[in-house]
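Spelled out, the chains give:
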Amino acid sequence: MDLGISALNYVNGIKNNEFTVEEFISESLEHINQVDKKLHAFLRINDFAIKNAREIDTKIKSNQNVGKCYGMPVSIKDNICIEGSKTTCASKVLENFISPYTSTVISKLNSEDAIIIGKTNLDEFAMGLSTEFSAYGPSRNPWNTDYVPGGSSGGSGVSVSANECIASLGSDTGGSIRNPASFCSVVGLKPTYGLVSRYGLVSYANSIEQIGPMAKTVEDSAFLLNIISGIDSNDNTTVDNKNQDYLTDIDAGINGKKIGIVTEMTNPDGLSTDVLDTTNDAIKTFEKLGANCEQVSLEMVRYAVAAYYTITSTEAGSNLARYDNIRYGYEFDSSGFEFNSYISQARSKFGPEVIRRMILGGFVPSAGHAGKYFSKALKVKSKLTAEIKHVFEKFDYLISPTVPIQPFKFGEKINDPVSLMMVDFNTVTANLTGIPAISVPYKITNGLPIGIQIMANHEEEHSLLQAAYALEKTVDLPEVPI
Amino acid sequence: MVSEEEISEVAKLMKINLEDHSDHVKRVQKMLEYFDILDNANIESEEIIVQETDLGKLRDDKYIPYDKNLLKFLKSYQEKYVKAPKLN
Amino acid sequence: MTKIGLEIHCQLTKLESKLFCSCKADYRGFEPNTNICPVCMGIPGSLPLLNKSAVEKATLIAMALDCKTPNRIAFFRKNYFYPDLPKNFQITQLNAYGNTSIGWEGKISVENKEIKIRRIQLEEDPGRLIYEGATEKTELTLVDYNRAGTPLVEIVTEPDFETPHQVREFLNILSDLLENLNVSDPGLEGAMRADANVSIEGGSKVEIKNIGSFHDLEKAVHFEITRQQSLAERKIEIIQETRHWDDGRKITVSARTKEEEAEYRYHLEADIPWVRIDDNTKNQLQLHMPESISSKKERYVSKYGITSQVADILSSDRYFSELFEKANNETNAKDIANMITTDIMGLLDTREKREMSKLEGDHISDLVEYIKSNKITRASAKLALDEVIKNGKPLSQIIEDLDLGHVSDEATLSDIITEVLNEEAKAVEDAKQNPDIVNFLVGKVMQKTRGKADPELTLVLLKKNLGVK
Chain F
1 MDLGISALNY VNGIKNNEFT VEEFISESLE HINQVDKKLH AFLRINDFAI KNAREIDTKI
61 KSNQNVGKCY GMPVSIKDNI CIEGSKTTCA SKVLENFISP YTSTVISKLN SEDAIIIGKT
121 NLDEFAMGLS TEFSAYGPSR NPWNTDYVPG GSSGGSGVSV SANECIASLG SDTGGSIRNP
181 ASFCSVVGLK PTYGLVSRYG LVSYANSIEQ IGPMAKTVED SAFLLNIISG IDSNDNTTVD
241 NKNQDYLTDI DAGINGKKIG IVTEMTNPDG LSTDVLDTTN DAIKTFEKLG ANCEQVSLEM
301 VRYAVAAYYT ITSTEAGSNL ARYDNIRYGY EFDSSGFEFN SYISQARSKF GPEVIRRMIL
361 GGFVPSAGHA GKYFSKALKV KSKLTAEIKH VFEKFDYLIS PTVPIQPFKF GEKINDPVSL
421 MMVDFNTVTA NLTGIPAISV PYKITNGLPI GIQIMANHEE EHSLLQAAYA LEKTVDLPEV
481 PI
Chain S
1001 MVSEEEISEV AKLMKINLED HSDHVKRVQK MLEYFDILDN ANIESEEIIV QETDLGKLRD
1061 DKYIPYDKNL LKFLKSYQEK YVKAPKLN
Chain A
2001 MTKIGLEIHC QLTKLESKLF CSCKADYRGF EPNTNICPVC MGIPGSLPLL NKSAVEKATL
2061 IAMALDCKTP NRIAFFRKNY FYPDLPKNFQ ITQLNAYGNT SIGWEGKISV ENKEIKIRRI
2121 QLEEDPGRLI YEGATEKTEL TLVDYNRAGT PLVEIVTEPD FETPHQVREF LNILSDLLEN
2181 LNVSDPGLEG AMRADANVSI EGGSKVEIKN IGSFHDLEKA VHFEITRQQS LAERKIEIIQ
2241 ETRHWDDGRK ITVSARTKEE EAEYRYHLEA DIPWVRIDDN TKNQLQLHMP ESISSKKERY
2301 VSKYGITSQV ADILSSDRYF SELFEKANNE TNAKDIANMI TTDIMGLLDT REKREMSKLE
2361 GDHISDLVEY IKSNKITRAS AKLALDEVIK NGKPLSQIIE DLDLGHVSDE ATLSDIITEV
2421 LNEEAKAVED AKQNPDIVNF LVGKVMQKTR GKADPELTLV LLKKNLGVK
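Keeping their order, the protein sequence lines are chains F, S and A.
Residue numbering for the first sequence is 1 to 482, as defined by my numbering.
Residue numbering for the second sequence is 1001 to 1088, as defined by my numbering.
Residue numbering for the third sequence is 2001 to 2469, as defined by my numbering.
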């Protein structure tokens, strides 16, 4: 059985009786059992997966209504809540947290008969881009296990790339879906801010983050977006998906479309020549597909990373304040403690990167520094948004390399905060401005993947997916070496 | 420049016991230095852009009792109350 | 000159649900921690869902206090750690990027003095701490989160008050106003709380917190002024500080200073988009705004000729003024107003009694009509009121059931009078010398008829019988 098939082919396979849900799920579990000791994509496996598979098989056999997913195994980043099971955010602080409710995206997947195969690894509270900051140990890149898989949705990227599941849901605050998608050679989509409900996503920087699909193909991404997008009465920030079918006319092509090559993103500090060459190659491909490509400069992109870290650390400082270990958390007896000393001790269980961002998050919005950093960051965000709005009057898409570099080795960047920040350089703009962006696998160089990022205007996912599909159809990448 | 005192004040504010301040001093210092490029952005007169909604789209005022015993999900409680450490 | 400013927190108890979730706004009467959900408990991944009516009702308050109101409102997070705060931040409002709080720059007249309103904001109430034992120095803090997320409106005044009496007067006017707007029941325990800041000539500003009731607020302000004046007389510096009101000893005591706590790291709450409130919406709200107490009072006086004193009492109470509006048909307004203020208010003097009461406007207008046309005596009217409040039956039915109908039939009355005269031989004798004794005999007749006898006819018949004038 080919566990590496796309979601659409999986559905066809079930419909054509090529395999049962139970067969596919048990083979997937066996595969996970074999490879995940090394890859560590998963923090936990769903004990009820086989039971769920049997239930869906029964529905199929008895000709009952079956949801669009037909029992396909989907993995979920462990910062998305499912009732009655653990959601740890890869933190010791939430080691014993069991959610009393289910997130909207999971409810939607459940009602379409997806099987949640397990919860995937991430950088603690999604702060990071390599999974090296997971409190439970890093995930490894299936293309070369000496290298990081990207992050923070690294476990999700690995699980899809290594065929441990059909698709995954990650979350993207500054590139956390697109970065591991690029590093693991899968498709990763960060939707328009508000297109997918955040109800049940543990907040890190709530003003800019989104849940999105990570999948083997652009079509699968559209398939999943169809399921998870739309207004949610549990999230005041959601926008209407207007019942769009993102799969319709996905093969329409991009002939005559105008593409802006973001100048600042194709020559940032530390851009690797391999990535630059690959990007130039992709530009030629876009032109061959009939698009007009030209350089476009976005002045505010230079300041985007600084604004991004200012805003995210401020919001994180507030969003993570609730982890005082009083109402939920981990075992740590409070007797003999005074309130402040107890919670300060309890909160010291945060990992080093979270603590660093907490400190930064205490610093930048404080009365003395708010004008210096935070309000400037908000203004950069606003001006960048205005710039983006302006360029999309002329262009249909903006493109860049997803990440300026290829996957790096474990420990290589962890000690240099600024060079680590620069890895986010190309992805944070979509978060700060709320526009959709996708990373499409484009090349394997030095045995490691490179992805191309395409961005479109607000709520233009349909058009964005058409461009991504057109690009994807031009590439033929090798199989993942596992 | 960021001082150890400042870091320790902020750690206190954020309720985190820090064992070693020096590493944080260096890290925060580096990041703040990088943030200083915001000074060059020339954005002082910029209006902030925010997400908006209409009053009519907000939740209707209706009492819907929560259908689970949430207290049971919580970690530490005494009879009907949530237990917290004493206040000084 | 003494300057006093107030920060009043008023729960919107007339709302059904909390500010950001569907739990009950009025948490009173729940078992501890049973009026909670993932949102008000700040369970990871939950999101605040702003209550539309809370925005509307808060806006009504702003309008009633002559505030400017914004085209967009925004929410902010006020960050601090405390066990009663499930998220360790409070969602509140701030005017950091233009004026985005519910209202600002309002005013209200108190004893002919204009008190300026600085700002009105909408925010969530925290939970409640229950200390094991009596003091804060126990081994444990117990928390009840039922109150967490209850909608609160904070009203901040300029330091325009000069005397504790003005403060008291303002609070009376404000609680009448909030009741009249049907946004809050100020009588509920904890529904209205206030902090005050007090400074005397040449002294620093002192904040007084933790004042449990409006009654104590006046006392606390009074105490604080006296304390500061006595310091000033002894040339002791008045330091800027926060003091707590000690409810037991009725004094203010210095709160240990926690200066670092003042760093709240305010920033925008992105989970709630800025809410547009367009002119059309504002006009609609204005249109449905209840008539103000002062305009109501004026109308009662000018239109119905009700005395200013009665109009004052009637207009400032939402329940009784509504009853009045329902009962009166202009011609009987004066009598209705009198009946409400002299008889009914005493019978329905608590919230519980009002809630239980079956009394309707029609009952009152009927009763006034019956008295006027001599179908019932004033004394019987009181008995009838008691009964109406209990069971709400039509007045005619009650009069029949209780046999309260007027005895104005001359023959019946004559028989009763004869009985009384036989029984009271001594009084009859005395009456011939002292005409005032007749009134005693009228009373006896009333007793026998349980108040139903027509008093005028009784007097006439008695005098005729006794042969006095």
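Among the hints, a few may not be true.
Simulated crosslink set (EDC-like; lysine to aspartate or glutamate; CA at most 20 Å straight-line) [what the hints assert, rightly or not]: (1) Lys-1026(S) <-> Glu-338(F); (2) Lys-1075(S) <-> Asp-2084(A); (3) Lys-2358(A) <-> Glu-2330(A); (4) Lys-1026(S) <-> Glu-412(F); (5) Lys-2052(A) <-> Asp-1060(S); (6) Lys-2432(A) <-> Glu-2419(A); (7) Lys-1057(S) <-> Glu-30(F); (8) Lys-258(F) <-> Glu-30(F); (9) Lys-59(F) <-> Glu-112(F); (10) Lys-1072(S) <-> Glu-472(F); (11) Lys-2393(A) <-> Glu-2419(A); (12) Lys-2464(A) <-> Asp-2415(A); (13) Lys-1072(S) <-> Asp-333(F); (14) Lys-2209(A) <-> Glu-2007(A); (15) Lys-389(F) <-> Glu-1047(S); (16) Lys-1057(S) <-> Asp-2084(A); (17) Lys-2003(A) <-> Asp-2279(A); (18) Lys-1062(S) <-> Glu-2016(A); (19) Lys-1030(S) <-> Asp-416(F); (20) Lys-473(F) <-> Asp-240(F); (21) Lys-349(F) <-> Asp-57(F); (22) Lys-2463(A) <-> Asp-2386(A); (23) Lys-51(F) <-> Glu-30(F); (24) Lys-1030(S) <-> Glu-472(F); (25) Lys-349(F) <-> Glu-1046(S); (26) Lys-349(F) <-> Glu-1019(S); (27) Lys-473(F) <-> Asp-333(F); (28) Lys-2296(A) <-> Asp-2415(A); (29) Lys-372(F) <-> Asp-1060(S); (30) Lys-1012(S) <-> Glu-338(F); (31) Lys-372(F) <-> Asp-1020(S); (32) Lys-443(F) <-> Asp-333(F); (33) Lys-443(F) <-> Asp-240(F); (34) Lys-2116(A) <-> Glu-2007(A); (35) Lys-372(F) <-> Glu-1046(S); (36) Lys-1083(S) <-> Glu-412(F); (37) Lys-1083(S) <-> Glu-264(F); (38) Lys-1072(S) <-> Asp-2084(A).
Please keep in mind that the hints were generated in silico from the structure rather than gathered at the bench.
Taking the hints in turn, this is what the structure says about them:
1. For the suggested pair Lys-1026(S) and Glu-338(F), the alpha carbons sit about 31 Å apart, so the restraint of at most 20 Å is broken.
2. Distance restraint check for Lys-1075(S) and Asp-2084(A): the Cα-Cα separation of roughly 16 Å lies within the 20 Å cut-off, and the hinted pair is therefore satisfied.
3. A hinted pair counts as satisfied when its Cα atoms are at most 20 Å apart, and Lys-2358(A) with Glu-2330(A) does not qualify at roughly 23 Å.
4. For a cut-off of 20 Å, the pair hint linking Lys-1026(S) to Glu-412(F) stands: about 18 Å separates their Cα positions.
5. At roughly 6 Å between alpha-carbon atoms, Lys-2052(A) and Asp-1060(S) fall within 20 Å of each other, so this suggested pair holds.
6. The suggested pairing of Lys-2432(A) with Glu-2419(A) holds, with an alpha-carbon distance near 18 Å, which does not exceed 20 Å.
7. Of the supplied pair hints, the one linking Lys-1057(S) and Glu-30(F) is violated, its CA atoms being roughly 48 Å apart against a limit of 20 Å.
8. This hinted pair does not check out: Lys-258(F) and Glu-30(F) have alpha carbons roughly 46 Å apart, beyond 20 Å.
9. The hinted pair formed by Lys-59(F) and Glu-112(F) meets the criterion: a straight-line CA distance of about 12 Å does not exceed 20 Å.
10. For the proposed pair Lys-1072(S) and Glu-472(F), the alpha carbon gap of about 49 Å is over 20 Å, so the pair is violated.
11. Among the hinted pairs, Lys-2393(A) with Glu-2419(A) is inconsistent with the structure: their alpha-carbon atoms are about 35 Å apart, more than 20 Å.
12. Pair hint Lys-2464(A) plus Asp-2415(A) holds up; C-alpha atoms about 14 Å apart against a cutoff of 20 Å.
13. Using a Cα cut-off of 20 Å, the hinted pair Lys-1072(S) and Asp-333(F) holds, with the two alpha carbons roughly 18 Å apart.
14. Restraint check for Lys-2209(A) and Glu-2007(A): satisfied, since their Cα atoms lie roughly 10 Å apart, inside the 20 Å limit.
15. Between Lys-389(F) and Glu-1047(S), the direct Cα distance comes to roughly 15 Å. Compliance with the 20 Å bound is thereby established for this hinted pair.
16. Our distance criterion of 20 Å between C-alpha atoms is broken by Lys-1057(S) and Asp-2084(A), whose separation comes to about 30 Å.
17. With a CA separation close to 36 Å, the supplied pair Lys-2003(A) and Asp-2279(A) exceeds the 20 Å bound.
18. Restraint check for Lys-1062(S) and Glu-2016(A): satisfied, since their Cα atoms lie roughly 6 Å apart, inside the 20 Å limit.
19. A hinted pair counts as satisfied when its Cα atoms are at most 20 Å apart, and Lys-1030(S) with Asp-416(F) qualifies at roughly 9 Å.
20. A C-alpha spacing of about 30 Å is found between Lys-473(F) and Asp-240(F), which places the hinted pair above 20 Å, so the restraint is violated.
21. For the hint pairing Lys-349(F) with Asp-57(F), the CA-to-CA distance comes to about 44 Å; that exceeds 20 Å, so the pair is violated.
22. Between the alpha carbons of Lys-2463(A) and Asp-2386(A) the distance comes to roughly 34 Å, so the proposed pair goes past 20 Å and is violated.
23. Proximity of Lys-51(F) to Glu-30(F) is assessed by CA-CA distance (about 15 Å); at most 20 Å being required, the pair is judged to hold.
24. Between the alpha carbons of Lys-1030(S) and Glu-472(F) the distance comes to roughly 39 Å, so the proposed pair goes past 20 Å and is violated.
25. For the given pair, Lys-349(F) sits about 40 Å from Glu-1046(S) by alpha-carbon distance, which is inconsistent with the 20 Å threshold.
26. A threshold of 20 Å between alpha carbons decides the hint, and for Lys-349(F) with Glu-1019(S) the separation of about 12 Å falls inside it, so the pair holds.
27. Note on Lys-473(F) and Asp-333(F): the hinted pairing is violated, with a Cα-Cα distance of about 57 Å set against a maximum of 20 Å.
28. For the hint pairing Lys-2296(A) with Asp-2415(A), the CA-to-CA distance comes to about 51 Å; that exceeds 20 Å, so the pair is violated.
29. For the hint linking Lys-372(F) to Asp-1060(S), the alpha-carbon distance of about 40 Å lies beyond 20 Å, and the restraint is violated.
30. A threshold of 20 Å between alpha carbons decides the hint, and for Lys-1012(S) with Glu-338(F) the separation of about 14 Å falls inside it, so the pair holds.
31. Annotation: proposed proximity of Lys-372(F) to Asp-1020(S) is violated, straight-line Cα distance about 27 Å (limit 20 Å).
32. Distance restraint check for Lys-443(F) and Asp-333(F): the Cα-Cα separation of roughly 52 Å exceeds the 20 Å cut-off, and the hinted pair is therefore not satisfied.
33. Taking the CA atoms of Lys-443(F) and Asp-240(F), the gap is near 35 Å; set against the 20 Å cutoff, the hint is violated.
34. Among the hinted pairs, Lys-2116(A) with Glu-2007(A) is consistent with the structure: their alpha-carbon atoms are about 12 Å apart, no more than 20 Å.
35. Distance hint between Lys-372(F) and Glu-1046(S) is fulfilled; the C-alpha atoms sit about 15 Å from each other, no more than 20 Å.
36. Between Lys-1083(S) and Glu-412(F) the alpha-carbon distance is near 44 Å, which puts this suggested pair outside the 20 Å criterion.
37. Using a Cα cut-off of 20 Å, the hinted pair Lys-1083(S) and Glu-264(F) is violated, with the two alpha carbons roughly 53 Å apart.
38. Taking the CA atoms of Lys-1072(S) and Asp-2084(A), the gap is near 18 Å; set against the 20 Å cutoff, the hint holds.
Violated hints, listed in ascending order, are 1, 3, 7, 8, 10, 11, 16, 17, 20, 21, 22, 24, 25, 27, 28, 29, 31, 32, 33, 36, 37; each of the other numbered hints is respected by the structure.
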